[in-house]
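Asks: Below are the chains, spelled out letter by letter.
4 protein chains.
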Amino acid sequence: MTETHPSFASWLSSCQTGLDGEIFRHDGHSEHHYPLVIQYEDTDAGGITYHASYINFAERARSAWLRLAGFSLSDWLSERNQGFIIHKLEAEYKTPSTLHDRMAVCTSVDVLKRASCVLRQNIYHENGHISARVIVHGAWVDVTSGPKAFPPQLSEIIALFHQDQ
Amino acid sequence: MTETHPSFASWLSSCQTGLDGEIFRHDGHSEHHYPLVIQYEDTDAGGITYHASYINFAERARSAWLRLAGFSLSDWLSERNQGFIIHKLEAEYKTPSTLHDRMAVCTSVDVLKRASCVLRQNIYHENGHISARVIVHGAWVDVTSGPKAFPPQLSEIIALFHQDQ
Amino acid sequence: MTETHPSFASWLSSCQTGLDGEIFRHDGHSEHHYPLVIQYEDTDAGGITYHASYINFAERARSAWLRLAGFSLSDWLSERNQGFIIHKLEAEYKTPSTLHDRMAVCTSVDVLKRASCVLRQNIYHENGHISARVIVHGAWVDVTSGPKAFPPQLSEIIALFHQDQ
Amino acid sequence: MTETHPSFASWLSSCQTGLDGEIFRHDGHSEHHYPLVIQYEDTDAGGITYHASYINFAERARSAWLRLAGFSLSDWLSERNQGFIIHKLEAEYKTPSTLHDRMAVCTSVDVLKRASCVLRQNIYHENGHISARVIVHGAWVDVTSGPKAFPPQLSEIIALFHQDQ
Chain A
64 MTETHPSFAS WLSSCQTGLD GEIFRHDGHS EHHYPLVIQY EDTDAGGITY
114 HASYINFAER ARSAWLRLAG FSLSDWLSER NQGFIIHKLE AEYKTPSTLH
164 DRMAVCTSVD VLKRASCVLR QNIYHENGHI SARVIVHGAW VDVTSGPKAF
214 PPQLSEIIAL FHQDQ
Chain R
64 MTETHPSFAS WLSSCQTGLD GEIFRHDGHS EHHYPLVIQY EDTDAGGITY
114 HASYINFAER ARSAWLRLAG FSLSDWLSER NQGFIIHKLE AEYKTPSTLH
164 DRMAVCTSVD VLKRASCVLR QNIYHENGHI SARVIVHGAW VDVTSGPKAF
214 PPQLSEIIAL FHQDQ
Chain U
64 MTETHPSFAS WLSSCQTGLD GEIFRHDGHS EHHYPLVIQY EDTDAGGITY
114 HASYINFAER ARSAWLRLAG FSLSDWLSER NQGFIIHKLE AEYKTPSTLH
164 DRMAVCTSVD VLKRASCVLR QNIYHENGHI SARVIVHGAW VDVTSGPKAF
214 PPQLSEIIAL FHQDQ
Chain D
64 MTETHPSFAS WLSSCQTGLD GEIFRHDGHS EHHYPLVIQY EDTDAGGITY
114 HASYINFAER ARSAWLRLAG FSLSDWLSER NQGFIIHKLE AEYKTPSTLH
164 DRMAVCTSVD VLKRASCVLR QNIYHENGHI SARVIVHGAW VDVTSGPKAF
214 PPQLSEIIAL FHQDQ
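Residue numbers (the numbering used here), protein chains in the order written: chain A, 64 to 228; chain R, 64 to 228; chain U, 64 to 228; chain D, 64 to 228.
Calculated directly from the structure, the hints in this document are not laboratory data. Watch out, some of these pointers could steer you wrong.
Identical copies carry no separate label here, and so any pair may be met within one copy or between two of them.
To be verified - Within a straight-line C-alpha distance of at most 25 Å, the following computed SDA-like cross-link-like pairs (lysine to any residue) qualify: (1) LYS176 with LEU131; (2) LYS151 with GLY91; (3) LYS211 with LEU140; (4) LYS157 with ARG123; (5) LYS176 with ARG130; (6) LYS211 with GLU189.
These figures come from a predicted structure and were not determined experimentally.
With the hints as extra help, turn the sequences into a complete structure.
Replies: This is how it looks when you write it as structure tokens:
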């Protein structure tokens with residue numbers, strides 16, 4: 064058996080929804096849904112999901128959201144030395160989840176400014192209850208020179224997910 | 064907006080392949096393919112995937128494999144106090160992977176005995192190269208009384224993935 | 064060479080300050096200092112400490128604080144089925160830290176009620192700058208019946224670390 | 064209260080043994096002992112330490128060992144673009160450990176070649192029993208040009224920990 068396996072790229076494409084989630088229209092704005100399963104590594108000796116794991120889930124969902132919307136954080140970092148940083152986050156824990164539960168992270172945008180934004184990420188259990196709410200304050204930076212306006216392409220993507228109230 | 068969201072169970076069902084992977088026939092035995100994306104949490108300051116993250120990937124794939132094959136580890140643990148333990152593992156690292164790469168863990172069975180087995184888990188990059196090989200020696204135990212023969216249902220599942228040479 | 068090594072208990076006792084930190088009096092209340100080193104597993108491909116790692120650092124410090132103050136969370140959980148749960152947390156990120164930096168988590172108490180409390184955990188870099196502030200809202204629960212007053216022994220410990228303003 | 068805290072560098076120095084462990088002579092070679100406490104993040108829903116956490120413990124011990132022996136991996140990486148990579152690891156699991164147990168990782172060297180080495184890392188429980196054995200095959204590389212002989216300073220450090228049989 065050879066060390067290479069020819070068909071992974073095409074098979075992985077067929078897993079798109081599971082890997083990067085899906086975008087839905089909802090109340091006049093877009094919302095990103097990201098699916099995941101609670102793994103052993105996410106739980107702790109208390110028998111439920113460890114509280115910091117939800118912060119990881121929110122980060123996986125943000126990466127998946129931008130990949131799916133067509134914005135490559137890795138290219139911007141390697142080619143232009145620019146990227147997101149997190150200034151602040153708040154997490155509220157509602158209902159615990161347990162090993163092998165299926166969950167969905169729903170991401171939308173609360174505030175969009177020239178160089179920063181506030182994201183709202185609700186983490187739902189398969190049974191429809193909310194497990195955690197995460198609010199993330201992020202800003203765009205040039206790694207060497209500091210805060211910088213969002214690239215227009217990114218700003219347009221974020222605007223689509225903005226809930227105007 | 065209410066704290067519950069009605070449609071997650073059905074949406075999560077549609078993500079099945081991404082969440083639990085897929086089973087393929089290959090050379091007379093079954094093989095489980097589990098897809099994943101390298102996340103920030105999986106990388107380290109060296110710029111590539113942290114070596115212990117591959118051990119997590121292998122564990123996520125084993126859980127997904129048994130869920131997909133219809134065996135619930137969580138039910139056996141909570142109802143009968145029985146489960147898998149890992150005695151030994153070996154990992155070989157071949158080609159590094161980096162942030163946001165798509166990977167697939169391919170799981171098959173090298174050895175199946177009455178109460179233990181050896182699993183072979185190859186972790187492939189989307190480009191077809193192998194990133195890591197993980198060999199896992201597991202055994203079935205009653206949590207209080209120690210080693211125990213596999214339940215027949217589990218033994219039959221494992222046998223389907225056994226590569227006879 | 065035998066599989067047992069006789070002297071670990073005594074050697075580990077000599078590492079007490081490194082493992083569980085130290086308690087200082089400061090402005091009329093006690094403050095717990097917990098030391099740690101940024102490890103590869105704590106960093107990400109951005110080259111700095113991954114944001115969720117600070118949530119882990121805060122949890123390690125809370126466990127160390129109560130162990131050092133003489134309160135065993137594990138005994139209360141196993142013998143009486145009671146323990147802490149986290150309702151809410153807020154994290155503010157100030158100055159990044161990098162691989163192998165030495166840090167200290169300083170824990171004190173902002174609010175103490177009958178069955179809940181708010182902890183303030185500042186995470187300092189060895190150079191004296193603050194890297195992150197974490198505010199944690201916790202409550203005492205009986206795992207089966209729900210919210211419950213703190214045990215008097217625990218309430219007295221928490222009170223010592225309370226900053227009255 | 065100011066955002067800086069003046070005394071952390073000196074306080075952290077006093078935690079040296081807990082943070083980076085200690086070097087002992089044993090049977091004609093040196094051995095590095097690294098202490099740690101099992102944290103919530105290291106455990107899983109099975110109630111014991113998650114198997115991949117031991118791979119993290121071994122990595123923390125290797126970093127601490129070289130820091131304590133005076134070799135700075137971060138300087139070599141940033142200034143000369145050289146560092147360790149892991150080719151292969153084997154882990155055997157003996158006795159489980161649980162939340163808040165104190166452990167020690169004992170590191171010595173089995174094989175030392177011009178550009179690679181094999182490390183033996185035994186992870187002991189405070190009670191003297193061995194919890195896990197980890198064997199790590201590492202090599203020195205120039206990140207851009209590939210395998211390279213160890214720097215003499217590093218080679219001399221590794222030789223001190225070599226068990227000649």
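Asks: Hint by hint, note whether the structure agrees.
Replies: Each hint tested on the structure:
1. LYS176 with LEU131: Answer is within: at 22 Å inside a copy they meet the 25 Å cutoff, but 44 Å across does not.
2. LYS151 with GLY91: neither (27 Å within a copy, 30 Å between copies)
3. LYS211 with LEU140: Within one copy, since 14 Å is at most 25 Å while 29 Å is not.
4. LYS157 with ARG123: Result: close both inside a copy and across copies, 20 Å intra and 22 Å inter.
5. LYS176 with ARG130: within (21 Å within a copy, 44 Å between copies)
6. LYS211 with GLU189: Close neither inside one copy (39 Å) nor across copies (29 Å); limit 25 Å.
Of the numbered hints stated above, those contradicted by the structure are hints 2 and 6, listed in ascending order.
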